[in-house]
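Colleague: The lines below spell out each chain.
There are 2 protein chains.
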Amino acid sequence: MKREVYEQARARTLEFFEKAHIVLTETEKANVEVADFGLNDLENTGLQLVTYVNTDRVCAKEMVLFPGQTCPEHEHVPFGNWEGKEETFRCRYGTVYLYVSGEPSPTPKAQPPKGSEQYYTVFHEIVLHPGEQYIIYPCTKHWFQAGPQGAVVSEFSTTSHDEFDQFTDPNIQRLPTIED
Amino acid sequence: MKREVYEQARARTLEFFEKAHIVLTETEKANVEVADFGLNDLENTGLQLVTYVNTDRVCAKEMVLFPGQTCPEHEHVPFGNWEGKEETFRCRYGTVYLYVSGEPSPTPKAQPPKGSEQYYTVFHEIVLHPGEQYIIYPCTKHWFQAGPQGAVVSEFSTTSHDEFDQFTDPNIQRLPTIED
Chain X
1 MKREVYEQAR ARTLEFFEKA HIVLTETEKA NVEVADFGLN DLENTGLQLV
51 TYVNTDRVCA KEMVLFPGQT CPEHEHVPFG NWEGKEETFR CRYGTVYLYV
101 SGEPSPTPKA QPPKGSEQYY TVFHEIVLHP GEQYIIYPCT KHWFQAGPQG
151 AVVSEFSTTS HDEFDQFTDP NIQRLPTIED
Chain L
1 MKREVYEQAR ARTLEFFEKA HIVLTETEKA NVEVADFGLN DLENTGLQLV
51 TYVNTDRVCA KEMVLFPGQT CPEHEHVPFG NWEGKEETFR CRYGTVYLYV
101 SGEPSPTPKA QPPKGSEQYY TVFHEIVLHP GEQYIIYPCT KHWFQAGPQG
151 AVVSEFSTTS HDEFDQFTDP NIQRLPTIED
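If you read the protein sequences in the order shown, they are chains X and L.
Each residue of the first sequence is one higher than the last, beginning at 1 in the numbering used here.
Each residue of the second sequence is one higher than the last, beginning at 1 in the numbering used here.
Keep in mind the hints are simulated off the structure, nothing from the lab.
Note that the structure is predicted; figures quoted are calculated from it, not measured.
By construction, the Cβ of each residue, glycine as well, lies at the ideal position given by its N, Cα and C atoms.
A hint or two may mislead.
What the hints assert, rightly or not - Among the chain L residues that face chain X by a calculated CB cut under 7 Å, a handful are:
| id | residue |
| --- | --- |
| 1 | Leu24 |
| 2 | Asn54 |
| 3 | Arg57 |
| 4 | Ala60 |
| 5 | Thr88 |
| 6 | Ile126 |
| 7 | Val127 |
| 8 | Pro130 |
| 9 | Thr158 |
Unchecked claim - Simulated crosslink set (DSS-like; lysine-lysine; CA at most 30 Å straight-line):
| id | chain 1 | residue 1 | chain 2 | residue 2 |
| --- | --- | --- | --- | --- |
| 10 | X | Lys29 | L | Lys2 |
| 11 | X | Lys19 | L | Lys2 |
| 12 | L | Lys29 | X | Lys109 |
Only chain X is shown next, with the shape it has when bound in the complex:
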């Protein structure tokens, strides 16, 4: 994405962290990760995050979704001796609509971003408000979307190997690039 898009998204992300009373260091603020998944449609499909720690055993992140923004359908699969990522999402601010493989919910509250419906499955719906959480085990396809206020979500997980996340949409590149 363009540097300008990145910087605007970074500033907006910090506003959401402030609303959620999440305190960050200056280094963390300067290095917010903005993932547009290579789709160039950040407003609708994207995720903003700060990784607090990612060792070879444990990872913790703080994530921001802008109002109505979707993190697209993907799963964390095993590779080599690694079992695949297990993650717990805990909502801190706003509302998150989370969809995980399982019995489809008949009237889901969120819709996939327009034009990309073919890459999203109507899974079981979990709605997370502040203080509510959900564990996502490996090999569980999932996607999630913020409600109209946006959302701040803590993630507690095993090691993140984001580059190996498997997205349903073949056009997605998980690791962001910034063009100056």
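Could you slot chain L onto chain X? The hints should help.
Modeller: For chain L alone, kept in the frame of chain X given last:
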């Protein structure tokens, strides 16, 4: 500890979570863990916590220390096939003085609780303010104390087996009991 002591500490813990803007469910609020380490001196030696998640791979907790309260010296050792707990402390509110094995700091800001000095080592000092964090690896003796405002600290870790924590003070019982 007596039920009355527990309930007072629980209510006080919730005040600190409010100051730190940490949102908890009613179930979490009702089940705050108050650890007095069997020493019956909670004001000086103790720890209050809410465990968000503790699976066989990942654990996340939110901890409260009252002003000047100390979590006593201990370490997380391997057993069986388990490597021992790795934990990251991230300060959310107040100040934490953390002491970990390593070159002793010449003028530590915190002192062990009176009468228990023999169970504390003058380790390397790390001072954590909101947004600051530190990783503690297995087999690292450590203890920590809140500054005068108290402290709220997030812990991101591998699985917790609190019952196997090894405390320097042989009088300590990690798992709390409540007498009605």
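Colleague: Against this structure, judge whether each hint is valid.
Modeller: Going through the hints against the structure:
1. Leu24: Interface hint status for L/Leu24: holds (5 Å vs cutoff 7 Å).
2. Asn54: violated, 10 Å
3. Arg57: holds, 5 Å
4. Ala60: Given a least distance of 4 Å, the restraint on L/Ala60 holds.
5. Thr88: Holds, because the Cβ-Cβ distance from L/Thr88 to chain X comes to roughly 5 Å (cut-off 7 Å).
6. Ile126: violated, 14 Å
7. Val127: This hint is violated: L/Val127 lies away from chain X, its Cβ roughly 14 Å from the closest one there, beyond 7 Å.
8. Pro130: holds, 4 Å
9. Thr158: Holds - the Cβ of L/Thr158 comes within 7 Å of chain X, reaching about 5 Å at its closest.
10. X/Lys29 <-> L/Lys2: violated, 45 Å
11. X/Lys19 <-> L/Lys2: violated, 39 Å
12. L/Lys29 <-> X/Lys109: holds, 29 Å
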